[in-house]
Amino acid sequence: LQFIKEKLAGHVAAQHKFTDQSKSFCAPGTRVQIKADILKWLSPQPGTKERIFWMTGIAGSGKSTLSATIVDNLREKGTLIAAQFFISRNILETTDPAKLIPTIAQQLA
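All the letters of the sequence shown, read from the start, carry residue numbers 1 to 109 under the UniProt record's numbering.
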């Protein structure tokens, strides 16, 4: 595994985490249903396999804020988050589509 991590090191944006964005969390009482739906979907269910949650939307629609809130909630519950990737126009390295798969692969290795 160390070999894989070393080989991918120059091709990833893995040193950047969602917390590097300085994004705030959802305000109390907002996005209640979508947060509940996502957390339910992410909850382990008997007979289900690993899952990937892929969030897309137009710039400024709240994806990063919602994601930060969900990840914070999962961390509070002690739920493992195996890998993550975010795009921020303020962190140029995260805007390179060629870094998506290598970043996820390195984190999963």
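In short, the hints are calculated from the structure, not lab data.
Treat the hints with caution; some may be incorrect.
Ranges between beta-carbon positions, derived for each pair [as the list claims (entries may be wrong)]:
#, residue 1, residue 2, range
1, Q2, K35, 21 to 27 Å
2, K7, I34, 37 to 43 Å
3, I34, N90, 23 to 29 Å
4, G10, A83, 24 to 30 Å
5, W41, H11, 37 to 43 Å
6, K5, G29, 39 to 45 Å
7, G62, A82, 32 to 38 Å
Within a straight-line C-alpha distance of at most 35 Å, the following computed DSBU-like cross-link-like pairs (lysine-lysine) qualify [stated by the list, open to error]:
#, residue 1, residue 2
8, K77, K35
9, K40, K5
10, K40, K63
11, K5, K63
Bear in mind the structure is a predicted one, so any value in this text is a computation, not a measurement.
Note that beta-carbon positions come from the ideal geometry of N, C-alpha and C, so glycine has one too.
- Item | Hints breached by this structure | Failing hints, ascending: 1, 4, 5, 7.
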